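Enquirer: Listed below are the residues making up each chain.
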Amino acid sequence: MSNRNIEFGKGSRVLFGLIAIGAFLIGVRYIGGLGTVTNLSDKYPWGLWIGIDVLTGVSLAAGGFTLAAIVHIFGKEKYHAVIRPAILTAFLGYIFVALGLIVDLGRGWNIWHVIFFWNRDSAMFEVGWCVLLYLTILALEFAPVIFEEYGLNSWQEKWGKYSPWLSIILVSWFVFVMTGYPWYAGIAFIILAIFYFTYRRSLPKGSTVLLLIIAGIIFSFEHQSSLGTLFLIVPTKLSSLWYTPYLPLNFLLSAIMVGLAMVIFESSLSSRVFGFGLEKDVITGLAKKLPWLIIVTAVVRLYTLYQQTGFVLEGTPAQLFFLGLEIIAGLLLPLVMLLFPGASDSPKTVFYAAAMVIAGVVINRVSVSMVGINIPDIPAYVPHPGEILITLGIISAGIMTFYVMCTKLPVFEKH
Amino acid sequence: MKTTINQKGFLIDGTKCIGCRACQIACKQWNELPAEKTEFFGGDGYQNPADLSSKTYTLIKYREVIKKDKLVDWVFHKDQCQHCLEPACVSACIVGALQKTAAGPVVWEDRRCIGCRYCMLACPYNIPKFEWYSINPDIKKCTLCSDRIENGLPPACAKACSTGAITYGSRDELLKEAKKRLKSGPDTYYQHIYGEDEVGGTCVLNISSIPLEEFGYPGNLPKESLSTTTDPAMKSIPGVVIGLGAALGITAFIVNKHKKQLSEESQSQGDQS
Numbered sequence: 066m067s068n069r070n071i072e073f074g075k076g077s078r079v080l081f082g083l084i085a086i087g088a089f090l091i092g093v094r095y096i097g098g099l100g101t102v103t104n105l106s107d108k109y110p111w112g113l114w115i116g117i118d119v120l121t122g123v124s125l126a127a128g129g130f131t132l133a134a135i136v137h138i139f140g141k142e143k144y145h146a147v148i149r150p151a152i153l154t155a156f157l158g159y160i161f162v163a164l165g166l167i168v169d170l171g172r173g174w175n176i177w178h179v180i181f182f183w184n185r186d187s188a189m190f191e192v193g194w195c196v197l198l199y200l201t202i203l204a205l206e207f208a209p210v211i212f213e214e215y216g217l218n219s220w221q222e223k224w225g226k227y228s229p230w231l232s233i234i235l236v237s238w239f240v241f242v243m244t245g246y247p248w249y250a251g252i253a254f255i256i257l258a259i260f261y262f263t264y265r266r267s268l269p270k271g272s273t274v275l276l277l278i279i280a281g282i283i284f285s286f287e288h289q290s291s292l293g294t295l296f297l298i299v300p301t302k303l304s305s306l307w308y309t310p311y312l313p314l315n316f317l318l319s320a321i322m323v324g325l326a327m328v329i330f331e332s333s334l335s336s337r338v339f340g341f342g343l344e345k346d347v348i349t350g351l352a353k354k355l356p357w358l359i360i361v362t363a364v365v366r367l368y369t370l371y372q373q374t375g376f377v378l379e380g381t382p383a384q385l386f387f388l389g390l391e392i393i394a395g396l397l398l399p400l401v402m403l404l405f406p407g408a409s410d411s412p413k414t415v416f417y418a419a420a421m422v423i424a425g426v427v428i429n430r431v432s433v434s435m436v437g438i439n440i441p442d443i444p445a446y447v448p449h450p451g452e453i454l455i456t457l458g459i460i461s462a463g464i465m466t467f468y469v470m471c472t473k474l475p476v477f478e479k480h
Numbered sequence: 034m035k036t037t038i039n040q041k042g043f044l045i046d047g048t049k050c051i052g053c054r055a056c057q058i059a060c061k062q063w064n065e066l067p068a069e070k071t072e073f074f075g076g077d078g079y080q081n082p083a084d085l086s087s088k089t090y091t092l093i094k095y096r097e098v099i100k101k102d103k104l105v106d107w108v109f110h111k112d113q114c115q116h117c118l119e120p121a122c123v124s125a126c127i128v129g130a131l132q133k134t135a136a137g138p139v140v141w142e143d144r145r146c147i148g149c150r151y152c153m154l155a156c157p158y159n160i161p162k163f164e165w166y167s168i169n170p171d172i173k174k175c176t177l178c179s180d181r182i183e184n185g186l187p188p189a190c191a192k193a194c195s196t197g198a199i200t201y202g203s204r205d206e207l208l209k210e211a212k213k214r215l216k217s218g219p220d221t222y223y224q225h226i227y228g229e230d231e232v233g234g235t236c237v238l239n240i241s242s243i244p245l246e247e248f249g250y251p252g253n254l255p256k257e258s259l260s261t262t263t264d265p266a267m268k269s270i271p272g273v274v275i276g277l278g279a280a281l282g283i284t285a286f287i288v289n290k291h292k293k294q295l296s297e298e299s300q301s302q303g304d305q306s
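These protein sequences, in sequence, are chains A and B.
Going by this note's numbering, the first residue of the first sequence is number 66, and it counts up by one from there.
Going by this note's numbering, the first residue of the second sequence is number 34, and it counts up by one from there.
In short, the hints are calculated from the structure, not lab data.
Keep in mind that the hints are not guaranteed to be accurate.
Below, in silico cross-link-like pairs of lysine-lysine (DSSO-like), each with a Cα-Cα straight-line distance of 27 Å or less [claimed, not checked]:
#	chain 1	residue 1	chain 2	residue 2
1	A	Lys108	B	Lys61
2	B	Lys268	A	Lys302
3	B	Lys133	A	Lys302
4	A	Lys302	B	Lys256
5	B	Lys88	B	Lys49
6	A	Lys108	B	Lys133
7	A	Lys226	B	Lys293
8	B	Lys256	B	Lys209
9	A	Lys223	B	Lys293
10	A	Lys143	B	Lys292
Which stretches of chain A does chain B cover? Using the computed rule of at least three CB atoms under 8 Å from a CB of chain B, they are [as the list claims (entries may be wrong)]:
#	region
11	260–268
12	279–291
Pair by pair, the computed Cβ-Cβ distance ranges are [stated by the list, open to error]:
#	chain 1	residue 1	chain 2	residue 2	range
13	A	Thr381	B	Leu186	51 to 57 Å
14	A	Trp248	B	Glu206	41 to 47 Å
15	B	Asn253	A	Gly389	41 to 47 Å
16	B	Lys216	A	Phe181	20 to 26 Å
17	A	Thr381	B	Ala68	34 to 40 Å
18	B	Asp264	A	Pro412	42 to 48 Å
19	B	Thr134	A	Val447	34 to 40 Å
Only a predicted model underlies this, so the values are computations on that prediction, with no experimental measurement involved.
Glycine residues also receive a C-beta, built at the ideal position from the N, C-alpha and C atoms.
All chains, please: the whole structure from these sequences, using the hints.
Expert: Structure below.
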């Protein structure tokens with residue numbers, strides 16, 4: 066069936082090369098310390114790895130929950146064909162984000178401390194728990210693909226029975242960890258449990274999977290926005306071109322937007338690589354939704370920018386250039402492209418518009434975490450080749466894993 | 034605001050400093066910090082080393098005051114952790130490795146740290162430093178000699194200072210003293226106590242003949258603690274989770290119920306025909 070042979074062509078050799086170089090440099094990093102392979106410094110403690118591997122990685126994994134919401138919550142069944150690849154992307158995305166984060170942490174082996182040492186005031190604490198819990202949810206969302214491939218029917222049954230309860234417990238636990246109030250957690254538990262019993266009674270069989278989907282969307286919302294919360298504490302360091310008290314909202318909205326763009330981009334690419342003729346209808350339908358998400362993101366982004374600066378834009382040439390790219394090439398241009406009559410029927414236009422939206426979000430995250438950070442009298446941070454190569458290695462490993470899993474597992478539906 | 038009655042701190046008076054750097058040496062001795070290989074650098078006089086680091090917790094900064102191409106004054110100031118009343122680093126730390134002690138010092142706990150360096154980003158003064166070439170790196174910063182304070186001793190730098198530029202005592206008393214000095218010397222002092230209100234106030238109070246901004250201290254700090262910036266977002270979590278959960282749950286129910294009805298209707302129609 067789906068067990069096609071894995072073909073390692075020229076592209077794979079490049080990827081393997083990058084993985085090997087990255088792995089070697091990670092080794093160097095663990096022997097000599099972060100200073101040996103990075104340009105990070107006491108003035109710029111965060112750099113490319115936080116900007117790309119973590120912030121961008123998480124935002125680009127947003128396709129998982131965006132599509133889960135479209136298909137399961139809003140009941141648009143026709144997009145079912147792309148939900149598995151979207152969830153796999155999110156799952157692998159989060160795994161490799163976690164790997165990148167561990168490399169970046171000075172004491173990565175202590176990452177489990179987050180579970181035992183709590184500081185509720187810390188935005189980073191929320192980020193940590195969201196990664197952990199959403200990764201669990203993604204694993205549960207993807208598990209049926211593995212059960213299906215290996216015919217693990219009893220596992221599938223157990224999954225159907227326990228995964229809703231696990232979702233309910235994880236969400237309630239999250240509320241407790243973040244607030245310290247058992248009754249808040251109790252409210253969350255009761256509401257979700259009510260949904261569980263209602264779905265079981267009056268909806269078609271299998272609807273209890275909705276609990277898993279709801280939990281995934283909750284953690285995604287919290288996680289995407291909390292990455293913006295991280296930077297609220299640096300009002301004097303982050304340029305007003307990006308800083309706003311609404312940064313968490315900007316992060317959330319752009320993540321939902323880029324989630325959809327990623328699904329379009331990836332589906333277009335995968336259907337070429339794996340030779341599945343995806344129904345054109347699917348991509349066209351998604352492309353029709355994308356402009357709305359761009360509009361919402363752009364309006365809030367521009368309004369908060371106006372609030373902060375009154376559109377008197379001041380910054381270094383690099384900052385102004387990045388801001389221009391983000392707004393014009395990442396938001397306005399793809400919007401105009403998609404609003405042309407018939408544009409959503411043209412695979413090429415849709416593909417390029419989605420790619421531009423993605424690039425815009427990458428630029429936004431890189432700006433917030435690197436380009437936009439001002440430290441007086443200190444030359445701006447520029448990534449070390451070691452940082453770039455390790456990032457490339459991690460991304461390559463992600464792509465390679467995605468390719469292998471898509472070949473070996475029933476990720477794409479058969480036509 | 035938190036009570037500051039029992040909090041200790043410094044009054045650092047730049048006009049009394051002669052730039053001898055005995056405090057720098059005393060700090061290194063007490064904290065057993067290694068020497069740094071430094072080089073003479075152009076710019077700000079004889080400041081050495083150029084900046085704080087994981088090996089240097091405190092540093093005398095040098096500034097030349099030049100008017101009409103003539104050197105009219107040479108000013109010194111002691112750079113160190115300001116020991117905020119409500120520190121951004123403490124609020125930021127994911128595992129609570131940084132703590133504000135009741136006596137005033139902000140200290141770091143080795144056992145908890147995971148090395149994420151969010152404290153370094155969060156600190157408005159860029160005080161926490163990292164060991165970039167260590168496989169088990171620590172966060173390093175001035176502890177206000179918390180270990181000495183606990184045993185009734187003054188911090189090492191304050192003990193070493195021979196000109197009275199560093200006064201150690203309770204923050205409230207020091208604030209009164211600082212105000213008195215500014216009042217009695219309107220020409221000697223730049224009329225601002227840096228640390229009285231900055232980011233909610235700090236245990237270290239600074240006065241000098243020139244604004245502290247000239248020593249590289251940020252001049253645009255809010256009067257509230259920086260932790261207030263993330264508070265609204267953190268407080269919104271239970272509301273967002275429960276509200277979003279309810280909204281998603283109800284939407285999913287309505288949509289799927291509707292679909293079920295549709296399929297049942299089409300089925301029964303199919304049966305009839």
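Enquirer: Give me the numbers of the hints this structure contradicts, sorted from smallest to largest.
Expert: 13, 15 and 16
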